[in-house]
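Asks: What follows is the residue order along each chain.
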Amino acid sequence: MPDGPLPSFDVRADFWSLRFVDERCESYAVRKNVAMPYVASTDRGVMATVYVDGGYGYAATSDTSAAGLASALERAAHWARATARLALVDTRALPYAAPRGEFASPSFSDRFPSRREWYDLLHEESNAAGCDPRIVDWEAGVEVRTATHRLVTSAGGDVIQRYRFLLPGLSVTAHADGVTQNRSLNGYRGICQQGGLEILARFGFVGAGRKIAEDALELLAAPNCPSGTMDVLLAPDQMILQIHESIGHPLELDRILGDERNFAGTSFVTADMFGVYRYGSDLLNITFDPTRPEELASYAFDDDGTRAEKVHVIRNGILERPLGGAISQARAELPGVANSRADNWNRPPIDRMANLNLEPGDASFADLVAGIEHGVLMETNCSWSIDDSRNKFQFGCERGRMIENGQLKHVVKNPNYRGISASFWRNLARVGNADTLQVLGTPYCGKGEPSQVIRVGHASPACVFTDVDVFGGEA
Amino acid sequence: MCLAGKPEVNMEDYFQSLAAIVQNALQAGERFTASLDAEETDFVRMNRGKVRQPGTVAQRYLTLRLIRDARHGEHSLSLTGDLGADASAVRDAVAGLRAVLPELADDPLLLLPTEVRSSRNVRDTSLPPSEVVIDEVLAAAGGLDLVGIYAAGPVWRGFANSEGQRNWHATNTFNLQWSLYHRADKAVKTGHAGFAWDATAFEHKMAQARERLALISRPPRTLAPGKYRAYLAPSAMEEIAALLCWGGFSGRALATKQSALARMQNGESLDDRVTLTEDTEGGVAPAFQAEGFARPSRVPLVAGGELVGSLVSPRTAREFDLAENGANGAEMPESLAMAGGTLASDDALAALDTGLAVGNLWYLNYSDRPACRITGMTRFATFWVENGKVVAPVDVLRFDDTVYRMLGTSLEALTTETEFILDAGTYQSRQLASVRLPGALVSEMAFTL
Chain S
1 MPDGPLPSFD
11 VRADFWSLRF
21 VDERCESYAV
31 RKNVAMPYVA
41 STDRGVMATV
51 YVDGGYGYAA
61 TSDTSAAGLA
71 SALERAAHWA
81 RATARLALVD
91 TRALPYAAPR
101 GEFASPSFSD
111 RFPSRREWYD
121 LLHEESNAAG
131 CDPRIVDWEA
141 GVEVRTATHR
151 LVTSAGGDVI
161 QRYRFLLPGL
171 SVTAHADGVT
181 QNRSLNGYRG
191 ICQQGGLEIL
201 ARFGFVGAGR
211 KIAEDALELL
221 AAPNCPSGTM
231 DVLLAPDQMI
241 LQIHESIGHP
251 LELDRILGDE
261 RNFAGTSFVT
271 ADMFGVYRYG
281 SDLLNITFDP
291 TRPEELASYA
301 FDDDGTRAEK
311 VHVIRNGILE
321 RPLGGAISQA
331 RAELPGVANS
341 RADNWNRPPI
351 DRMANLNLEP
361 GDASFADLVA
371 GIEHGVLMET
381 NCSWSIDDSR
391 NKFQFGCERG
401 RMIENGQLKH
411 VVKNPNYRGI
421 SASFWRNLAR
431 VGNADTLQVL
441 GTPYCGKGEP
451 SQVIRVGHAS
461 PACVFTDVDV
471 FGGEA
Chain A
1 MCLAGKPEVN
11 MEDYFQSLAA
21 IVQNALQAGE
31 RFTASLDAEE
41 TDFVRMNRGK
51 VRQPGTVAQR
61 YLTLRLIRDA
71 RHGEHSLSLT
81 GDLGADASAV
91 RDAVAGLRAV
101 LPELADDPLL
111 LLPTEVRSSR
121 NVRDTSLPPS
131 EVVIDEVLAA
141 AGGLDLVGIY
151 AAGPVWRGFA
161 NSEGQRNWHA
171 TNTFNLQWSL
181 YHRADKAVKT
191 GHAGFAWDAT
201 AFEHKMAQAR
211 ERLALISRPP
221 RTLAPGKYRA
231 YLAPSAMEEI
241 AALLCWGGFS
251 GRALATKQSA
261 LARMQNGESL
271 DDRVTLTEDT
281 EGGVAPAFQA
291 EGFARPSRVP
301 LVAGGELVGS
311 LVSPRTAREF
321 DLAENGANGA
331 EMPESLAMAG
341 GTLASDDALA
351 ALDTGLAVGN
361 LWYLNYSDRP
371 ACRITGMTRF
381 ATFWVENGKV
391 VAPVDVLRFD
401 DTVYRMLGTS
411 LEALTTETEF
421 ILDAGTYQSR
431 QLASVRLPGA
441 LVSEMAFTL
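Protein sequences, first through last, are from chains S and A.
Taking the working numbering, I'd label the letters of the first sequence as residues 1 to 475.
Taking the working numbering, I'd label the letters of the second sequence as residues 1 to 449.
Rather than coming from a laboratory, the hints here were simulated on the basis of the structure.
Note that beta-carbon positions come from the ideal geometry of N, C-alpha and C, so glycine has one too.
Hints may contain errors.
[Stated by the list, open to error] Stretch-level coverage of chain A by chain S, calculated; a stretch enters the list once three of its residues show a Cβ under 8 Å from a Cβ in chain S:
no., stretch
1, 142-150
2, 178-192
3, 370-380
4, 386-400
[What the hints assert, rightly or not] Distance windows between CB atoms, simulated:
no., chain 1, residue 1, chain 2, residue 2, range
5, A, S126, S, F108, 44 to 52 Å
6, A, G84, S, N33, 42 to 50 Å
7, A, A351, S, V453, 37 to 45 Å
8, A, N24, S, S114, 27 to 35 Å
9, S, S423, A, E12, 54 to 62 Å
10, S, G446, A, E163, 31 to 39 Å
11, A, N328, S, S114, 26 to 34 Å
12, A, P296, S, S114, 36 to 44 Å
13, S, S114, A, A95, 17 to 25 Å
14, S, H312, A, Q16, 53 to 61 Å
The following block holds chain S by itself, in its conformation from the complex (with noise of 0.2 Å):
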């Protein structure tokens, strides 16, 4: 990637950008006790982005060479002039950014341990989950990633963010007698924050191979979750799934202008619904974070050059604003936040979810426990479907607790829940304080034409939800 100023470019443009991504990674793992191979990646690419004439290009290239960016600025300033007169939207109308300034995630330039550290720290945990013969496969893994982004633009913007992501899981799979259980460490890469080896200590990493197979061997003998209309006490490993299907995706503004409708699908949401929509109960906050510094996706600038910063997009349960970048704001004349985000030097930046946050309460887990009469638990997700308005969902987890009488009581095997949306939130009936929040988030967020995988974080308390229609596997 270019570190100082770049050569200039001969475009015929109003306005033009060059968005460098370098990103590498190291992946360990190791699998019933045998490591498995060493995987390295090194990834670097530039996209030149193109206003003319009302129209919009992009090219995307790996040859950051001089010659290689005056052919991607040439190439996305082809498509501007060649679609410009089918447009849909008017690019005279769009702000053309100057961001300027910098970023790096929490703990950068920490060491981090060598590849001989990293494979026994996993092959000790690996060890302790294969401590049953009932226990058929396991693995322990860790996935280290850097990068660095670098916008620059016409009208004057340079912006470099670096960036280190940790991603360590541990996952178990128990069988005996037909039944087969799964069970990880807040789900399959559910652990995925930005910083050092401190997020190996926050999530108790060491020691929890042993602890999810224990728990894999209950869920064996446990008997299946019951059916009926009953209050479900979620996990933060599941509330993020929650958070994420039934009010990111919904919320993203160019979902609601239409987007996505023939991939990803539309949204339940409509534009008038901002500032009066009664989205949930009075408990439920929700914010755009962006300045967590731990939180997978936190950032400085967002990809079209925002500035990046905390707003409530529900406040008190009403609706206040969608999660749409610079461009989706100005088509639809909604205030949002800065969510342009592309997962790499070779996609367009498209609204995404970044961090999407519950804001805590002020009720502790026993108290929680507490005020219901007959309920589950629920705990780390493994089953996730919602319809493309984003409105009816049905999600599973790997483990469930029944509470009778304000006590939690055994554990239940294949505990699901189904409702819908725009119903669901407003049953929000209790929301844990800060000691019940855990910040996750998902590495694998899909989306968008072509296709984009994409990193976002929540942070969320444990919650209680009352009237929730709940049943089991399989009889």
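Based on these hints, arrange chain A on the given structure of chain S.
Replies: Showing chain A alone in chain S's frame:
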């Protein structure tokens, strides 16, 4: 097509040169494998009958594996397309892996081909400039609310190893996926894909989509949860097949009881008319995989409703003492084919009589994986049918049922005709995969929300 101003590069020569650079960088006792994944694609995104985001992506990734005895490491790197610059990056990657190998343990599951099986498959067709196609598409939409994506251009896959094996797969394809919207979530989705743009075929499909749009514009019917008779069109069956491909046929997942079809190892079965095959010969995927193993033309997976095979990668072969059969690392089908039955597609609605005609399903997942119970939504053109005639579009419904019922005890018929569907997936790169599927008539299907 290439980025303006850049000279055309013969990608096959370029890859051969890269392989020679790696070969020359080896030291005594070292071996390598190298896979190229490259494309130059025009992507044109459309919404409201206009162009939303047009662009071009040129990308080349080389995945290089260095092997010494039983130790090996892998490095995937993006390349510029300029051989001079890339030679240096590739040599650096070899040197980097050489430095890593002493820190790694021997891999007891490493399995590499012992035979050299080179191959070459080039389908070099010509496509019109993408902006010309887009003009045609938007003109044909004629002011309708069209939303979709056009992706077109060459895709290259290559393999090389230190034993001298060379495999090359090159194709030039287009894939247009579009929806015509009536309002809210009421729409008709259509695909048109292939190797040479056929304007007449496109116009025919657009005319059919317009006809179905008229049906979808009728007042919708809201159905209560319950069990309904259903006809699943091939485009709906595609979603069920895609979910089953997620570990269902994996040799490793079956051996560790994680496959959704694991119970078929212990007596569970599908209807005896269900036959599923990994049909590489009939698909568009390369006939080689990342380690260089050749893929058989056909791998039977389900025959007569019984599980008869699985996809076995080289690592799984080593781990469970099975025979590898050219599967990729994820052991997912790339050319799944389901045999047709005896029901003529034109008679499908008459055979349905009264029930749901499901054009598309959406967002499927397992609600109980060991029981192969799946959930998902209806989407796009799904209609309520009475006496074999379409009555009304249906508001979206959630189903939750087992594959053992849907393609087992509840299966009434499969259509004679099967539909060949090219994968429109574009995550990271354009996918070279396909399915061939019939429609299915099901006596009852459980809808829950």
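Asks: All hints are to be evaluated individually against the structure, with a verdict given for each.
Replies: Against the structure, the hints:
Three residues within the 8 Å Cβ limit are the bar, and the stretch 142-150 of chain A against chain S gives 4, so the coverage statement holds. For the stretch 178-192 of chain A, the proposed coverage by chain S is satisfied: 7 residues have a C-beta within less than 8 Å of a C-beta in that chain, meeting the threshold of three. Figure legend: the stretch 370-380 of chain A, annotated as covered by chain S; annotation consistent (7 residues with Cβ-Cβ distances under 8 Å, at least 3 required). Given a C-beta distance limit of less than 8 Å, the hint that chain S covers the stretch 386-400 of chain A holds, as 3 residues qualify and 3 suffice.
Separation of S126 of chain A from F108 of chain S is about 49 Å and conforms to the stated range, judged on CB atoms against 44 to 52 Å. Range check, G84 of chain A to N33 of chain S: Cβ separation about 45 Å, and the 42 to 50 Å hint holds. Distance hint check: the CB atoms of A351 of chain A and V453 of chain S are about 40 Å apart, consistent with the given range 37 to 45 Å. For N24 of chain A and S114 of chain S, the Cβ-Cβ distance of about 30 Å falls inside the hinted range of 27 to 35 Å, so the restraint holds.
S423 of chain S and E12 of chain A have their C-beta atoms about 58 Å apart, which keeps the hinted 54 to 62 Å range intact. With their beta carbons about 38 Å apart, G446 of chain S and E163 of chain A fall inside the hinted range of 31 to 39 Å. In this structure the hint that N328 of chain A and S114 of chain S lie 26 to 34 Å apart at CB holds, the actual value being about 31 Å. In this structure the hint that P296 of chain A and S114 of chain S lie 36 to 44 Å apart at CB holds, the actual value being about 42 Å.
Between S114 of chain S and A95 of chain A the CB atoms are about 18 Å apart, so this pair conforms to the stated range of 17 to 25 Å. Between H312 of chain S and Q16 of chain A the beta carbons are some 58 Å apart, a value that agrees with the proposed interval 53 to 61 Å.
Consistency with the previously given hints is maintained throughout, with no hint failing.
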